[in-house]
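Build out the structure end to end from the sequences listed, making use of the hints.
There are 2 protein chains.
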Amino acid sequence: MDRFRRGNKQLIKDLNEALVIDQVRRFGPISRKDIAINTSLGASTVTYIVDSLLKEKYFTEIGSGISDYGRKPVLLQFNQRKSYIIALKIEEKQIIYGKFDLNARMLAKISHNFNPKDSVKAIFRLMADQINQWIAADTLPCSGIGIAAPGLVDQANQKIIHSPILEWEEVDFSKLEEEVQVPVYLENDANAIAHAELWDGRGEQFQNFICITIGAGVGAGIVVKNEIYRGEVGGAGEIGHIIIQRDGLLCYCGQRGCLEAYTSDRFIMAEALHLKELKLSPALNQVEQLTMNSILQAADSGDELVQELYQRVGENLGIGLKSIVNFFNPGAIVLGGEGLRAKKYIIPALRKELEDHFFSRHSKKLEIILIDLEENQWLMGAAAMVITQLFKEPLYREV
Amino acid sequence: MDRFRRGNKQLIKDLNEALVIDQVRRFGPISRKDIAINTSLGASTVTYIVDSLLKEKYFTEIGSGISDYGRKPVLLQFNQRKSYIIALKIEEKQIIYGKFDLNARMLAKISHNFNPKDSVKAIFRLMADQINQWIAADTLPCSGIGIAAPGLVDQANQKIIHSPILEWEEVDFSKLEEEVQVPVYLENDANAIAHAELWDGRGEQFQNFICITIGAGVGAGIVVKNEIYRGEVGGAGEIGHIIIQRDGLLCYCGQRGCLEAYTSDRFIMAEALHLKELKLSPALNQVEQLTMNSILQAADSGDELVQELYQRVGENLGIGLKSIVNFFNPGAIVLGGEGLRAKKYIIPALRKELEDHFFSRHSKKLEIILIDLEENQWLMGAAAMVITQLFKEPLYREV
DNA sequence: ACTCTAATTAATTCAGTCAATGAATCAAAA
DNA sequence: TTTTGATTCATTGACTGAATTAATTAGAGT
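Protein sequences appear in the order of chains W and L.
Heads up: the first sequence begins at 0 in numbering that gives the first Met the number 0, then just goes up one per residue.
Heads up: the second sequence begins at 0 in numbering that gives the first Met the number 0, then just goes up one per residue.
These are computed hints drawn from the structure, not numbers from a lab.
Keep in mind that the hints are not guaranteed to be accurate.
A pair counts as met if it fits within one copy or between any two copies, since identical chains are not told apart.
25 Å max Cα-Cα, derived DSS-like pairs, lysine-lysine [to be verified]:
1) Lys12 - Lys391
2) Lys391 - Lys224
3) Lys8 - Lys32
4) Lys363 - Lys158
5) Lys158 - Lys364
6) Lys275 - Lys343
7) Lys363 - Lys174
8) Lys275 - Lys342
9) Lys391 - Lys54
10) Lys56 - Lys32
11) Lys8 - Lys391
12) Lys56 - Lys391
13) Lys81 - Lys32
14) Lys120 - Lys158
Quick look at the structure:
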């Protein structure tokens with residue numbers, strides 16, 4: 000009912016401690032003096048708060064800094080080894096585990112295959128075993144488990160509601176939490192990438208942006224006011240099935256004209272097959288078995304028809320994204336994923352399509368940012384989500 | 000840089016005062032006791048805070064309430080006459096002015112025509128005159144001016160960046176603020192409707208929703224976490240030109256396949272003309288001059304071809320909205336505007352189109368809400384915006 | 001029927017608490 | 001000696017809880 004905590008001394012303390020921690024995390028190594036200036040807290044107050052935080056091992060003092068004259072400042076550094084985070088990425092046939100410090104740097108990584116036909120219970124067993132093994136092997140405490148999973152995720156209730164890729168329905172992760180005795184945070188995989196982008200700096204430049212991941216499907220992680228936006232039931236960003244062509248191609252989802260139907264590997268494969276059948280493309284004619292790689296090679300060998308095919312994919316993507324840009328007016332679009340392996344041909348066409356939108360006249364231009372999406376990015380995003388959670392401002396009423 | 004205020008006694012006080020005011024605004028008449036229970040503040044603290052707020056005329060004591068036993072509670076009511084708000088709606092050829100109390104109830108209303116060819120300076124003169132006249136005539140203070148205007152609005156800088164309807168570019172309202180000596184808050188008109196919806200209760204049910212206004216153009220007011228979302232440069236919600244058909248009809252904006260090209264009065268008129276030319280529709284054949292009204296009458300008379308035309312408009316709208324639903328996952332879509340005069344035919348088709356989207360399997364259904372959009376709604380929204388601003392939690396660092 | 005008392009709930013008073021604050025002081029360096 | 005960083009300490013002020021006062025009802029006694 001009440002959205003904010005009431006004001007009392009505890010709130011002041013929590014708030015200012017968070018403020019000081021934030022300063023050291025963002026600007027450290029930093030002196031007490033500078034913290035006082037940046038936060039506009041009194042110097043004596045900073046001394047007092049830093050003392051208690053030093054006792055709790057949030058920081059370490061790392062000698063003195065430089066100064067032209069007078070006493071040298073004592074520099075405080077964030078202790079990224081106060082505890083650690085375990086991040087998981089659940090894929091179709093394997094689970095990848097990463098161990099991260101509080102600066103979201105990877106300390107260890109491992110992965111286990113599983114049989115998709117196994118029961119959820121068995122897979123939970125597998126996860127809990129690995130997690131508990133890591134926890135037992137480390138003297139430091141584990142502050143949380145971050146899990147990136149494909150599908151419709153209900154973050155607040157720790158549930159995967161529906162995941163076509165995993166073929167899971169209504170899977171409740173609170174049971175995993177019970178087994179590992181550490182807080183478990185679940186997140187949609189596209190959102191994990193958005194967390195990763197927020198972590199290393201795009202969030203400073205842009206208040207609002209979207210991260211598009213193009214792989215088996217097309218997904219979007221949405222950032223509003225530097226926070227992940229999940230929608231009313233946790234499924235915002237499912238842009239694979241927005242319609243770019245009324246009465247267009249039939250999509251596997253049953254609709255016609257979906258974005259995915261016009262951009263997926265399946266679409267590229269079908270169109271390439273068509274070209275091959277019509278014997279229009281010299282490069283494709285030489286290939287025996289069409290694969291995504293051989294199609295790309297055909298384009299790279301200079302085959303214009305195949306290059307045009309990729310350009311069309313770029314246009315299709317651009318049309319879909321233009322709708323989103325008009326509706327959402329993001330500061331940037333971040334793009335990544337294996338679906339962009341032919342980015343050489345796709346991106347210029349996409350850029351061209353996105354050139355004019357409702358805001359193109361505005362002085363602040365829409366930025367299009369390409370990123371490499373390797374395995375580690377997803378894990379890092381999942382870890383970053385937990386760390387963000389750990390250090391978020393303590394303003395809201397604890398439930 | 001720092002997003003939140005530092006914690007000190009002033010913050011506690013500001014926060015708790017806001018908390019108490021909020022209680023009385025939402026649940027009043029209410030006793031000190033109940034405020035203490037709801038906010039979890041101490042009873043003595045509530046007495047103390049209420050005392051100071053009574054002195055500042057935020058509340059009035061309105062006698063005692065009921066109780067089975069023991070001392071009767073003294074009820075506090077929000078004083079909606081502490082000050083008032085002036086709201087403006089700027090239209091193509093007229094400006095409508097409304098005076099509102101702090102419960103967003105209209106106290107007075109007037110409108111003045113202006114010549115669209117007049118200079119902005121002259122129109123500002125007109126506005127300032129009316130506003131200053133009202134301010135001079137009232138003994139109470141005016142707390143703010145809320146202005147709803149069509150086009151791309153930069154709220155933070157009090158600027159209309161670009162308004163095709165008014166044919167205004169880069170109009171700076173800080174000059175108006177100087178003339179009236181009262182804070183001026185500018186807002187896009189679709190957002191004003193969203194404010195109105197937030198005000199009377201949709202915001203309690205839904206965290207995230209969108210308000211679609213269908214008039215000369217199609218616009219959307221977007222609500223995220225009970226707050227208006229404006230996008231990176233203030234132009235979120237410009238959905239008139241999202242593309243629903245690749246290589247479709249040419250739109251006046253230069254693009255092909257825009258939502259507006261498939262839903263506007265212009266589209267309906269063109270299609271009806273086409274029907275008339277082909278002499279396919281008996282009802283339209285009898286009409287001399289085609290108008291939006293005569294077309295609607297043709298449908299109402301039972302002409303199936305015209306009814307189908309409206310149904311197609313509904314489908315087109317539905318297709319556009321489905322994309323938005325998949326991307327944004329709102330809890331509700333609120334629809335209104337004169338473009339829906341044929342809602343009898345449009346809405347069923349729209350509903351059908353929206354029936355299956357990515358979340359349709361989720362237990363929480365997407366709600367579609369129709370509202371009447373009369374003149375007063377826009378004014379009320381503009382007033383509600385100012386009042387919301389006036390009473391918002393004082394958590395963020397004052398800039 | 002009237003008065004008085006106990007019980008109950010609402011509101012206020014008041015001394016105590018504690019985190020921030022600013023002035024004074026200490027520490028370290030040029 | 002001067003300058004800058006860090007600490008100490010008395011003061012401030014908003015919340016807090018216990019005690020008190022205010023207002024009301026039920027019920028007992030006359």
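Results of checking the hints against the structure:
Taking identical chains as interchangeable, the C-alpha atoms of Lys12 and Lys391 lie at most 25 Å apart whether they share a chain (14 Å) or sit on different chains (23 Å). Within a single copy, Lys391 and Lys224 get their C-alpha atoms as close as 14 Å, and across copies as close as 17 Å, so both meet the 25 Å cut-off. For the identical chains of this complex, Lys8 and Lys32 are neighbours both inside a copy (23 Å) and across copies (22 Å), given an alpha-carbon limit of 25 Å. With identical chains, the CA atoms of Lys363 and Lys158 are at most 25 Å apart between copies only, with a shortest distance of 15 Å across copies and 39 Å within one.
Taking identical chains as interchangeable, the C-alpha atoms of Lys158 and Lys364 lie at most 25 Å apart only when they sit on different chains, with a minimum of 18 Å there against 38 Å within one chain. In this assembly of identical chains, the alpha carbons of Lys275 and Lys343 lie at most 25 Å apart only when taken from the same copy (22 Å versus 50 Å across copies). When the C-alpha separation of Lys363 and Lys174 is checked against a cutoff of 25 Å, the pair qualifies only between copies, where the shortest distance is 24 Å, while the shortest distance within a copy is 47 Å. With identical chains, the CA atoms of Lys275 and Lys342 are at most 25 Å apart within one copy only, with a shortest distance of 22 Å there and 49 Å across copies.
For the homomeric pair Lys391 and Lys54, the shortest alpha-carbon distance inside one copy (21 Å) is at most 25 Å, but the shortest distance between copies (37 Å) is not. Taking identical chains as interchangeable, the C-alpha atoms of Lys56 and Lys32 lie at most 25 Å apart only when both belong to the same chain, with a minimum of 20 Å there against 43 Å between chains. When the C-alpha separation of Lys8 and Lys391 is checked against a cutoff of 25 Å, the pair qualifies both within a copy, at 19 Å, and between copies, at 22 Å. Taking CA atoms no more than 25 Å apart as the test, Lys56 paired with Lys391 passes inside one copy only; the shortest distance there is 18 Å, against 37 Å between copies.
In the homo-oligomer, the alpha carbons of Lys81 and Lys32 lie at most 25 Å apart inside one protomer (24 Å), although the nearest pairing across protomers, at 44 Å, exceeds that limit. In this homomeric assembly, Lys120 and Lys158 come within 25 Å of each other (Cα to Cα) only inside a single copy, at 14 Å, whereas the closest approach across copies is 57 Å.
Hint check: no violations occur; every hint is consistent with the structure.
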